[in-house]
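So you can see what is in the structure, the chains are spelled out below.
Number of protein chains: 2
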Amino acid sequence: MGRPKSTRVDSVMHHVRERLAARALVPGERLPSIRQLAEQLAVSKTTVVEAYDRLAADGVIAARRGSGFYVAGHAPPLSLADVGPALDRSIDPLWISRQSLEAADTSLKPGCGWLPPSWLPEEELRRALRQIARAPQSSLLEYGRPYGHSGLREQLARRLADYGVPVGPQQLVLTDNGTQAIDLVCRFLLEPGDCVLVDDPGYFNFQALLRAHRVQVVGVPYTPTGPDVAAMATLLDQHRPRLYITNSAFHNPTGAVLSPLVAHRLLKLAEAHDLLIVEDDIFGDFEHESAPRLSAFDGLERVIQVGSFSKTLSASVRCGYIATKPEWCERLVDLKLATSFGNSPFSAEMLYELLRKGSYRRHLDSLRGRLADAMGETLLRLRTLDIQPWLEPRGGVFVWACLPGGLDAAEVSRAALADNLVLAPGNVFSLSQSATGYLRFNVAQCLSPRVFEGLERAMRKACVR
Amino acid sequence: MGRPKSTRVDSVMHHVRERLAARALVPGERLPSIRQLAEQLAVSKTTVVEAYDRLAADGVIAARRGSGFYVAGHAPPLSLADVGPALDRSIDPLWISRQSLEAADTSLKPGCGWLPPSWLPEEELRRALRQIARAPQSSLLEYGRPYGHSGLREQLARRLADYGVPVGPQQLVLTDNGTQAIDLVCRFLLEPGDCVLVDDPGYFNFQALLRAHRVQVVGVPYTPTGPDVAAMATLLDQHRPRLYITNSAFHNPTGAVLSPLVAHRLLKLAEAHDLLIVEDDIFGDFEHESAPRLSAFDGLERVIQVGSFSKTLSASVRCGYIATKPEWCERLVDLKLATSFGNSPFSAEMLYELLRKGSYRRHLDSLRGRLADAMGETLLRLRTLDIQPWLEPRGGVFVWACLPGGLDAAEVSRAALADNLVLAPGNVFSLSQSATGYLRFNVAQCLSPRVFEGLERAMRKACVR
Chain A
1 MGRPKSTRVD SVMHHVRERL AARALVPGER LPSIRQLAEQ LAVSKTTVVE
51 AYDRLAADGV IAARRGSGFY VAGHAPPLSL ADVGPALDRS IDPLWISRQS
101 LEAADTSLKP GCGWLPPSWL PEEELRRALR QIARAPQSSL LEYGRPYGHS
151 GLREQLARRL ADYGVPVGPQ QLVLTDNGTQ AIDLVCRFLL EPGDCVLVDD
201 PGYFNFQALL RAHRVQVVGV PYTPTGPDVA AMATLLDQHR PRLYITNSAF
251 HNPTGAVLSP LVAHRLLKLA EAHDLLIVED DIFGDFEHES APRLSAFDGL
301 ERVIQVGSFS KTLSASVRCG YIATKPEWCE RLVDLKLATS FGNSPFSAEM
351 LYELLRKGSY RRHLDSLRGR LADAMGETLL RLRTLDIQPW LEPRGGVFVW
401 ACLPGGLDAA EVSRAALADN LVLAPGNVFS LSQSATGYLR FNVAQCLSPR
451 VFEGLERAMR KACVR
Chain B
1 MGRPKSTRVD SVMHHVRERL AARALVPGER LPSIRQLAEQ LAVSKTTVVE
51 AYDRLAADGV IAARRGSGFY VAGHAPPLSL ADVGPALDRS IDPLWISRQS
101 LEAADTSLKP GCGWLPPSWL PEEELRRALR QIARAPQSSL LEYGRPYGHS
151 GLREQLARRL ADYGVPVGPQ QLVLTDNGTQ AIDLVCRFLL EPGDCVLVDD
201 PGYFNFQALL RAHRVQVVGV PYTPTGPDVA AMATLLDQHR PRLYITNSAF
251 HNPTGAVLSP LVAHRLLKLA EAHDLLIVED DIFGDFEHES APRLSAFDGL
301 ERVIQVGSFS KTLSASVRCG YIATKPEWCE RLVDLKLATS FGNSPFSAEM
351 LYELLRKGSY RRHLDSLRGR LADAMGETLL RLRTLDIQPW LEPRGGVFVW
401 ACLPGGLDAA EVSRAALADN LVLAPGNVFS LSQSATGYLR FNVAQCLSPR
451 VFEGLERAMR KACVR
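Going down the list, the sequences are from chains A and B.
Under UniProt numbering, read the first sequence as residues 1 to 465, first letter to last.
Under UniProt numbering, read the second sequence as residues 1 to 465, first letter to last.
Treat the hints as calculated values from the structure; they're not laboratory data.
In silico negatives: residues of chain B with every beta carbon more than 10 Å from chain A:
hint: 1; residue: G299
hint: 2; residue: T384
hint: 3; residue: P389
Looking from chain A toward chain B, a few residues come up when the C-beta cut is under 10 Å (computed):
hint: 4; residue: V49
hint: 5; residue: G68
hint: 6; residue: Y70
hint: 7; residue: S97
hint: 8; residue: L129
hint: 9; residue: A133
hint: 10; residue: R134
hint: 11; residue: L190
hint: 12; residue: P192
hint: 13; residue: L275
hint: 14; residue: R331
hint: 15; residue: F341
Since we're looking at a predicted model, the values are computed, not measured.
In this text, a Cβ means the ideal position worked out from N, Cα and C, and glycines have one as well.
Only chain A is shown next, with the shape it has when bound in the complex (with noise of 0.2 Å):
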C-alpha cells in the first residue's frame, strides 16, 4: 500500500475548510464519513484518513471517542424548530401546542386537544382540594415516594386489569404527566440515530418530543383500522426501527380504533422485528366498551402502556403513568429521580381521592353522554360546510375531516387565527405533509355557532387568494 499522494490530501483538507469558512459545516457538526467524502470527491479513503488527521492535528476538527470526526468548537443549542425537515411555522408540530396554550380567553379552539373547563368536574376538584387543605397528611409538605401514591398505584392497577391489561402495581410507575411518561420511556429506550415509528396521521406532539431525542422519524400510514401492516412490514426491514408510538382506544386525530386483526397482526410484526411499542391509553376514558389494547394483547411484554387524566379530568391534576415489566420500572423510576426528582405527591392525592370515592366514574358516564351528542352536533354542522369526515368516530372528541373544493388546511387555519379561531390544520399531524386538505375537530369545543361562522368566513378567505 503507497500513501496517498500529497496533493490529493491538500486539496481535501482544502475542502474542508471551504466549507468550514461557508459556514456550511458548523462547530460541533459531524464531519461526513470517511467513506462519504471519498465518493464524494473521488479519492481514496486513505486520502480522507489522512486528511482528516491533518486537519485534527491543525485543530480545525476533533476526531470524538470512536464516532468519527467533528468541528472543533461547540454545537449551537438546541433548535427544535431546526431538527428534522424545515416546516412552514403554521404546520410545525409546536405551533398547535402555542396557539392552543397561549390563545386569549375570548378565543374559540376547535384545534385544541383538550375539554372546555366546563366540561370538568370543578366542584369535585374543589371538594378534593378542601379535603386535603383539611387532611392531617404529609403530601402537602414532603416529596412523593420514588414509585409515587402507592393507593393511586393500587387504583390503577386495578383499572388496567378490568380494561384486560394484567399489571401488579409494582408494574406502575407514576409521573408527573403522560408526556413525560412518553419522554422516560424515549430516554431509556433510545439512543440518537435510532428510528422510531409514529402513525401518520398521528399526535404531533409525539415528533416533537421525538425531535428531542435527535432520532429517525418515519410514518406508518393509519387506516380506519389501525397502522398500515403491509406498509409497516417493508418499513421494519428497510429501517429496523427501535419503538413505534401510537394511541389506544380512539386514536388522534382519526378518532379511529384498532382492530382485533390489525392488534394480532402488529404484534407478530414485532415479535419478529424486535420492535418495543409505547401505547399511549389517554383517550381510553372516553370509551362507552373497551377497543382491543395492544397492551392487553401482550401482556406488556413488548407493548408499555402509558396515561394520564389531563384529557379527561383536569389538566392542571398533572398525574401520568407507565405500565410496564417490573425490571423496567426499577430503572426508569432511577431516571425519572435523576431528571424530575420525583413528582407532585399533591395531584396524586386529588386523583386518589376522586378515583376511590367513584367521583372520577361518575363524571366519565355524564361526560361520554355529553361527548356523544357533541360529536352528532358536530358531524352534523361539519357536511353543512361540505366538511367530509375520514370517519365516523363511535367516541371520544376527534373529528377528522376534509375541506372541500381542495382547500388548503393551513391557509384556512391562518384565516382563523386572525379571527381569535384556533384551528388545527391536517399536516400538523402528518410527518409526509400528505394532510393538506384535513383539519381535525375537537367536537367539545365546536358548540358554539360562532365556530362554524368563523370556519366558513376563513375558508371563504382562503379560497379568494
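Following the hints, put chain B in place on chain A, whose structure we already have.
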C-alpha cells in the same frame, strides 16, 4: 495503492465475530473506530475499512449515518447504574435519593437534603390551598401558559433583581421543579459525548442527571471559596467542556460560599474557553446576606440561573424556573412543551399567593433563625464525636464533616441504615471518590439526640469490622 491482503481482512473479521460471540460487543454498541482497531491489530486502516464493509454486507454490523459502525440489532435499554464508573450501590448517586425518599416515617434522616415537615409553613400552605379551592379561576382545570404563570414570573423577576440579577419576566421560564429546569437546559445545550464539569464534591444528582444525557462528566476540586480556578483552567484546556454546573449561595454539600475573586476569575476563564455555566440557586433563600452570584456578575450572558422552592417552602409545591436570554427562553419553552406539555398551574398559583402576601418572606425570616441555632447545635454535637467540619458554614442546612480515625463513611452509613438512620456518605458527592471519610449533615434533621446516638453506634460497628 494496493488492495489490502485478504487474509488480513479475514483475520480482522474473525476478531470482530469472536468479540460478538463473547458478548464483549453487544447489539447497538459502537465498534472501535477504524483507526483504533487498525492500531490495536497492527493492520492498515484500509484493511479495517474492508473488514467492516464486508461484515456490514453480511448484516452483522451496520454503518450509521456517518457516525461509524455499530453492532446490528438494538441497544439494551439505558441503565443509569451502568453508565459511568461502576460504583458500590451504597455510594451510587441514586442511592441516597432512594434511601431518603423510601425511608420509613420513623427513620431519622440527617443525610437527606430537605427540611423536616415541621419546619415548613403548613398552615400558610393550607390557607393558599383553601383559597384556590374557593377562587373562580382556571388554575384548577386548565393547562398553564407556555412560559408559566405571568404574575409569578413578575414576582420572581423582582426577587432576582434584588439579588443583583437583572432580569425581565420575558427571561423567565417556569418548570415543574429545579431538576427539570437543569434537565431542560442540558437538553438544550448538550450533545451526547460532550464534556461537562461539576464540583468535586458536589450535588450527587447532577452526576445522575448527566448520566442520563450520556455526556462525559469531569470533576473540579471545590475549595472553601468556590471551585479551584487553577485546576479548572487545566481542565478547560484538556477537555474543552461545554458546561459547568454548580450551586450558588450555599454550596451542596460543603456549605461553602463563592468569593468575588473566584467568581470573577471563573467568568474570565469561561469567556476565554466558551464555557457556559448553570448556577443552581436552590439554597439562595437560606442566606442572611447575598453571596456573589455568577449570574449577577455575568448578567445572564453565559450563566443560566435555575432555582426552585422545594427546599424552602415545600417539596410538594412543584415549581422551578430558568432565567436566561429571551431568545433561549423561546427555544426552552418549545422543548418544555415537547417533553412535558407545560407545568402545573396549580403549584404556581399557590406559590404566587405565598409570595404576594409576604407569607413566604415571613417564613424565611423565622427559618433562617432556626437554622442558625440548629447549625450551632449540630457543630457542637459533631465535635463531641470527634467529627470535624471542613468549614463552619455561614448559614444554610449543610455541614460537610470528616469522620475520625480513618473511618469509611460508606461503612458507617450501611451500619446506620440497619438502625433506621439515613446518612449521606461523602463519596456519593465525589466523582473522584476522594471523600471516603466525609459525611454531609442536614442540621435541621439533626435535632434529635437519637441521631448522634445512632451515629456513634454505627461508628463503633464500622470500627470493629
